[in-house]
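J.: Here is how the chains run, residue by residue.
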Amino acid sequence: MPYDPRAVNFDFSPDQRSLREQARKFLAEHASSARVRRILEGAAPYDAELWRGMAEMGWMGTAIPETHGGAGFGYLELCVLAEELGRSLAPTPFSSTIYLAAEALLLAGSPAQKKRWLPRIAQGEAIGCFALAEGPQVATPGNITTRANGGRVSGTKIPVMDGDVADFAVVVAGEGNRARAGLFLVNLTDPGVTRTSVTTVDPTRSHARLVFDGAAAEPLGAPGAGWPLVERLLDRAAVLVAFEQLGGAQAALDMARQYALGRFAFGRQIASFQAIKHKLADMYVAVELARSNAYYGAWALSKDAAELPVAAATARVAASEAYYHSAKENIQVHGGMGFTWEFDCHLHYRRAKLTALMLGSARRWKDLLVTRLQSGAA
Amino acid sequence: MDFDDTREEAAFRAEARRWLGAHAETKSGAFETWQSRYPDRDGYDGFERAKAFQHKKADAGFAALHWPAESGGRALPPIYQVIYAQEESKYLVPRGYFEIGLGMCIPTLFTYGTDAQKRRYAPAALCGDEVWCQLFSEPGAGSDLAGLRTRAQREGDEWVINGQKIWTSGAHWADWAILVARSDPKTAKHKGLTFFFLSMKSPGIETRRIKQISGASHFNEVYFTDVRIPDGQRLGAVGAGWGVAITTLMNERLASGELRGPDFEEIFGLACSVSLEDGPAIANAAVRERLADLYVKTQGVRLTRFRTMTALSRGETPGPENSIGKLVNAPKAQEIASFAMDLLDMGGVIMDKDTAPLRAAFQESLLTSPGGRIAAGTDEILRNIIAERVLGLPQDMRVDRDLPFDQLPTGAR
Ligand SMILES: Cc1cc2nc3c(=O)[nH]c(=O)nc-3n(C[C@H](O)[C@H](O)[C@H](O)COP(=O)(O)OP(=O)(O)OC[C@H]3O[C@@H](n4cnc5c(N)ncnc54)[C@H](O)[C@@H]3O)c2cc1C
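In order, the protein sequence lines correspond to chains A and B. Heads up: the first sequence at position 369 corresponds to 369 in our numbering, and the numbers run straight through without jumps. Remember, our numbering sits 1000 above the position in the second sequence when you count from 1.
The following block holds chain A by itself, in its conformation from the complex (with noise of 0.2 Å):
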């Protein structure tokens, strides 16, 4: 079985944990709950003000090398970053930006590729997305419609987060007539592509359809690459995500014990009632569990391991099984308060929803750990 850390240096150094204490800070004031409600009622797709800020910061450059105008830091620091995002549900593109089109680049980009787009990436100017999804149902190398013929590729891809407002994206078509998809990059103000906005159960994070037609495309990665390389892709983005998930379920399981210490029922506290208490045990034990797996996760992904497809779907499942259920019950201690507008319950009940199945959903990512735990073993 693909697991068995050995001798134990299992934690955060003490510049990252900085690093953490500091882009927290950050965040607090620049995606306080009131800004990301600006976005939550449609003043923008994203924050661009933050978004500014992040890149001053350097936080897109954190694991782009530095031949690439990056900061060169590595994925380490980036999952650090990525647990403050998620927990302050930062409305900004970095998670197509950062974890899919720029790993889609440095995994298989060319030279001139990587040239063109990941320093203006690592400045904060350029805004990549990933186009996979063709509606509702799950996408399969089987079932893509979009197809990528000498040099143009043409297709309908929906819903593509951040597809409104990002400068390329990193499109996954089949190749010729047969069943084996690639990937593409698209410069999304070629007139052969139409965007038109979409609204998802999370508005704090836009998403858009986009029509391809006979668009200008070049593949990304060696011809035939295919599928395998959409997975690579996708296990690299699934650890980051997971960052994401575990910084908001730690959020909820905060607000839901704050919530719970401060409001009296029966005379006292509903901390107090075993029930509520109980509850918040086992949001701690998803929280506890998810994090670890998270940086079993970042362990391997840092390292580039051999563990990494097995570490990154548990990361995944763990993530956003633990994100989703924290969140739920965070509605559930607040009563009627966590059904209002009003709170912010419902921001992290709808980007647990979302986290969970924009990589794929739950259900798929066990199914895809059972089948390489069983190549593991063989």
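These aren't lab readings, by the way, just hints derived from the structure by calculation. Here a beta-carbon is modelled for each residue, glycine too, at the ideal position from N, C-alpha and C. Among the hints, a few may not be true.
[To be verified] Derived contacts from chain B toward chain A, CB cut-off under 10 Å, selection only:
{"hint": "1", "residue": "Ala-1271"}
{"hint": "2", "residue": "Ala-1285"}
{"hint": "3", "residue": "Ala-1292"}
{"hint": "4", "residue": "Gln-1299"}
{"hint": "5", "residue": "Ile-1324"}
With chain A's structure known, arrange chain B with the ligand on it following the hints.
T.: Frame of chain A, contents of chain B with the ligand only:
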């Protein structure tokens, strides 16, 4: 964050591997345990063999790596314990008999005993010459341990003990025991307790085996009739026994939580080998989903332990957050047992070792795993602990805080 051994750690791992290779028994299969090879039953000499192995292990310096050198340890950081445990888990090694003594009793002695006592008792426990048990629970005091009523009355330099303990694991083979008893029933319940250790050979002790749902008898009732304990064997001040007991229980939670019996590897192996109506179980979507859930939990607990070890190795004390391990693992063991039997369908009930997979390990676990959810803090008590001590939520409303102990309401017992 890294999992690579340092040079010293790698050298130690090699040393452990060499020693185990030369001295430990090899497993016939990944799932085999000492208990399954040498069941605790008449006609087996598992206990004697276990003591002999423990002696060799202590002589080689592997029995308590983190203990101070003067007590027989090597004063190594906790990482080494993890490394050794990883290597040891590949072999068939007895642990059960010594866990209570080494994991709970002697560490309590380290905190509250005199230097002479540490020198006298620690090495003997370490090499398996003396086995310890824990006399805490009573018929009317389990979760509510501080409700215990076994009396300790002072007579000069001695204490006289009368009363009854129950569920005492290993009392029938133990040489020594730790005991909490009530020294003052007139004061509030947590304040009237005093902590001792005593010889299980003391006159006036009577031990009766209790048969468990599995049919085995690992725990006992222990009766005390005018049992005498020298005051020098008191640990902590008179009336301060509750605080001492808490130390013991904190050590217990650190020690427990490791799953005995079939775990993820075994259920995964079973799913790969058994067929359902529509083909191999491992190809069935419902089975796969449950396997994934079990794997995620299993990894979560294993990795949480590494986080604890990291905290330990930085000199931080492990807190009540360790309760997670047992709270997840104990119900998981029960789930794995039941799920495995479901995969075997009608044949799942067979306990015949020659017919049932893994020599009926799953069926046995069905009957032993419920105990794991009760011993060392029930599931419910562990949730209370997490809620109160980790999350800082208020304690349950209680009626027993400030009343004198002898005026508290009780049930029929
Ligand atoms: C296999 C095994 C080995 C053991 N070994 C030892 C040993 O070596 N030494 C020793 O001293 N003891 C030992 N015990 C005893 C064990 O510590 C107790 O059984 C345990 O603490 C529960 O106490 P109880 O049996 O009195 O159950 P009770 O305390 O009566 O509990 C009954 C039920 O009520 C619930 N409950 C009780 N209080 C609360 C509360 N405040 N909130 C919510 N629910 C509550 C419990 O969770 C449980 O479900 C062992 C037990 C087992 C099963």
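J.: All hints, please: hold or fail.
T.: Checked hints:
1. Among the interface hints, the one on B:Ala-1271 holds; its C-beta lies about 9 Å from the nearest C-beta in chain A, closer than the 10 Å criterion.
2. Interface restraint check for B:Ala-1285: the shortest CB-CB distance to chain A comes to about 7 Å, inside 10 Å, so the restraint holds.
3. A least Cβ separation of about 3 Å between B:Ala-1292 and chain A falls short of the 10 Å threshold, and the interface hint therefore holds.
4. Residue-level restraint check for B:Gln-1299 holds (minimum Cβ-Cβ distance to chain A is 5 Å; threshold 10 Å).
5. Hint status for B:Ile-1324: holds, given a least beta-carbon distance of 5 Å to chain A, under 10 Å.
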